[in-house]
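Use the sequences and the hints to build the structure in full.
Chains as they are written, first to last, in numbering that gives the first Met the number 0: chain L, 0 to 219; chain R, 0 to 338.
Please keep in mind that the hints were generated in silico from the structure rather than gathered at the bench.
All figures in this text were calculated on a predicted structure; none of them were measured in a lab.
All C-beta atoms, glycine included, are put in the ideal place defined by N, C-alpha and C.
A couple of the hints might just be wrong.
Ranges of calculated distance between the beta carbons of each label pair, as one might list FRET restraints [what the hints assert, rightly or not]:
hint: 1; chain 1: L; residue 1: L68; chain 2: R; residue 2: A313; range: 28 to 36 Å
hint: 2; chain 1: R; residue 1: A317; chain 2: L; residue 2: D72; range: 55 to 63 Å
hint: 3; chain 1: L; residue 1: R108; chain 2: R; residue 2: L320; range: 44 to 52 Å
One-sided and incomplete, this derived list gives chain L residues near chain R with beta-carbon spacing under 7 Å [as the list claims (entries may be wrong)]:
hint: 4; residue: K45
hint: 5; residue: L49
hint: 6; residue: T50
hint: 7; residue: T74
hint: 8; residue: H92
hint: 9; residue: L93
hint: 10; residue: E97
hint: 11; residue: L101
hint: 12; residue: V105
hint: 13; residue: R108
hint: 14; residue: R173
hint: 15; residue: L176
Take a look, some chain L residues computed to stay more than 12 Å from chain R by CB distance [to be verified]:
hint: 16; residue: N5
hint: 17; residue: G7
hint: 18; residue: T94
hint: 19; residue: Y96
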Amino acid sequence: MLTFQNVGLRYGMGPETLRDLTFSVEPQSFQFLTGPSGAGKTSLLKLILLTLRPTRGLITLFGADPATLDKDDITSIRRRIGVVFQDFRLLDHLTLYENVALPLRVLGREETSYRAEVLELLGWVGLSERKHSLPAVLSGGEKQRAAIARALISRPEMLLADEPTGNVDPTLARRLLRLFIELHKSGTAVIIATHDLHLMDQYDTARRLVLVDGRLQIFD
Amino acid sequence: MTQPVAWFWLTDACRFSTNCVMVLSRLRRAQTEASAPDDDAPPGAPLVPSDSVAGRSLVIIIAIMTFLAAVAAGAALLVADASSDWRREVAREATVQLRALPGRDVEEDLRKVVDVLTAAPGVRDVRVFTKAESEALLAPWLGQGLDLSELPTPRMVVVTLDQEKRADLGKLREELAQAAPSATLDDHRIWVDRLGAMANTAVAAATLIFGLTVAAMGIAVASATRAAVGTNREIIDVLHLVGAADSFIAEEFQRRFLGLGFKGTLIGGGAALALLALAGFLSRRWVATPGSDQVEAMFGAFELGPKGYLLILALSGAIALMTGFLSRLIVLRHLRRLL
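Structure below.
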């Protein structure tokens with residue numbers, strides 16, 4: 000599904016942020032991406048999401064080399080990946096319903112064709128009552144769940160989550176983790192970037208990718 | 000309706016039980032169906048916010064610039080039309096002056112002059128000023144109440160020329176000289192030339208002002224559009240990240256900014272049309288007053304006419320289209336920088 004071979008990344012003329020990353024992510028797998036703050040977790044997620052180009056090395060995603068693809072093909076690949084951003088990135092002028100429906104709406108689908116799906120997913124993450132609310136009036140946990148729902152609405156083959164429990168209390172963090180585990184069991188490859196050791200300990204059979212000083216260590 | 004939080008916990012707790020999952024699945028479906036009639040999903044709001052400070056500023060700038068450009072265009076047209084009227088009016092008239100010479104019968108010469116003029120091609124009408132009328136023309140110089148009957152006052156003949164079939168004034172001069180040696184034809188050439196030069200200058204100035212206004216408007220609208228798109232950059236980025244094609248995002252912005260453009264031009268162009276229509280109405284109300292005569296001499300009847308209204312409508316439409324198109328270009332340029 001995803002392969003990195005000797006991938007390196009540097010911003011401008013600065014030092015390499017990521018060095019010689021070589022790993023692969025299999026379909027229906029679950030992994031934590033961890034490491035200290037500033038280790039490059041978010042940069043690695045951006046590389047996977049194809050919003051950054053590596054300075055060197057080869058990335059293969061869904062069997063294609065993104066470096067050889069045009070923009071439309073990259074957009075098509077990106078549609079197969081769901082992302083939960085650390086800062087949620089919900090659109091403030093849209094209601095929760097509209098935010099969650101966004102990935103389907105941008106495909107040009109009719110609203111009637113996805114209404115039931117969105118309402119069901121909102122119910123699944125416990126936000127049915129809040130579907131008409133704007134993000135500004137939601138708590139951090141509610142925004143987090145809305146961001147997760149938006150990432151899942153298009154049934155992605157891979158889910159990337161950047162510090163998804165960074166803004167919630169331990170109880171909600173545990174529930175969110177169960178949500179991700181359920182997703183994984185339903186066939187989605189999950190990569191969760193976190194530095195919450197307690198969270199990782201709750202699912203200790205998961206694979207761990209540890210970034211230290213831009214280098215990756217893998218614990219299967 | 001099922002409590003959502005409890006629902007979430009139930010979902011969570013049941014995740015490993017097949018029966019429970021089936022029940023939950025049914026419950027979910029029921030919940031969705033039950034909620035459908037009253038909750039239905041809100042109608043899709045525009046992806047680009049419909050009301051923002053930047054959007055309002057853009058509408059105001061477009062309205063002001065459209066108003067200025069439309070008024071400048073209307074003024075240029077009025078001046079151009081008026082100058083064309085001036086020239087046409089003056090050029091369609093000529094005057095024959097017949098001086099009284101010793102040994103010549105003025106009345107006989109006058110009759111011959113009228114015969115020549117009437118027979119000449121391109122002459123539509125000939126009007127002979129009576130002796131009294133001719134003497135009245137001298138009153139401003141000589142004063143009222145004088146008996147001019149003993150003086151050899153020249154006689155005047157006003158000739159109305161045909162606009163379509165131009166008279167050969169050179170040939171006419173020769174024929175008049177043969178018929179009456181003291182007759183001179185004045186076709187107001189010098190006056191027409193001076194008036195033409197003045198009219199051309201006025202039209203050029205009005206056109207220049209219009210051109211400068213349009214250029215200023217283009218720059219102002221472009222930078223206001225860029226600023227308004229800039230405030231929505233987060234939206235572009237999020238749409239891009241959730242898998243929207245560049246063309247989709249550009250289309251959304253173009254549609255939104257086209258709407259803002261039309262709103263601004265409707266206000267600005269409408270105000271300009273209303274102002275010009277009001278000016279026309281007032282000039283008609285004040286007709287035959289000394290002030291209105293002066294204004295009419297400068298600007299004609301102060302009627303913009305269909306050509307003027309069409310120009311303002313076309314200008315307004317072009318500004319709105321330009322706003323939409325610019326937003327598209329700016330969004331696409333931003334997206335080109337993103338992977």
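Hints versus structure:
no.	hint	verdict
1	L:L68 <-> R:A313: 28 to 36 Å	violated, 44 Å
2	R:A317 <-> L:D72: 55 to 63 Å	violated, 37 Å
3	L:R108 <-> R:L320: 44 to 52 Å	violated, 29 Å
4	K45	violated, 9 Å
5	L49	holds, 6 Å
6	T50	holds, 5 Å
7	T74	holds, 5 Å
8	H92	holds, 4 Å
9	L93	holds, 6 Å
10	E97	holds, 6 Å
11	L101	holds, 5 Å
12	V105	holds, 4 Å
13	R108	violated, 11 Å
14	R173	violated, 9 Å
15	L176	violated, 10 Å
16	N5	holds, 20 Å
17	G7	holds, 17 Å
18	T94	violated, 6 Å
19	Y96	violated, 5 Å
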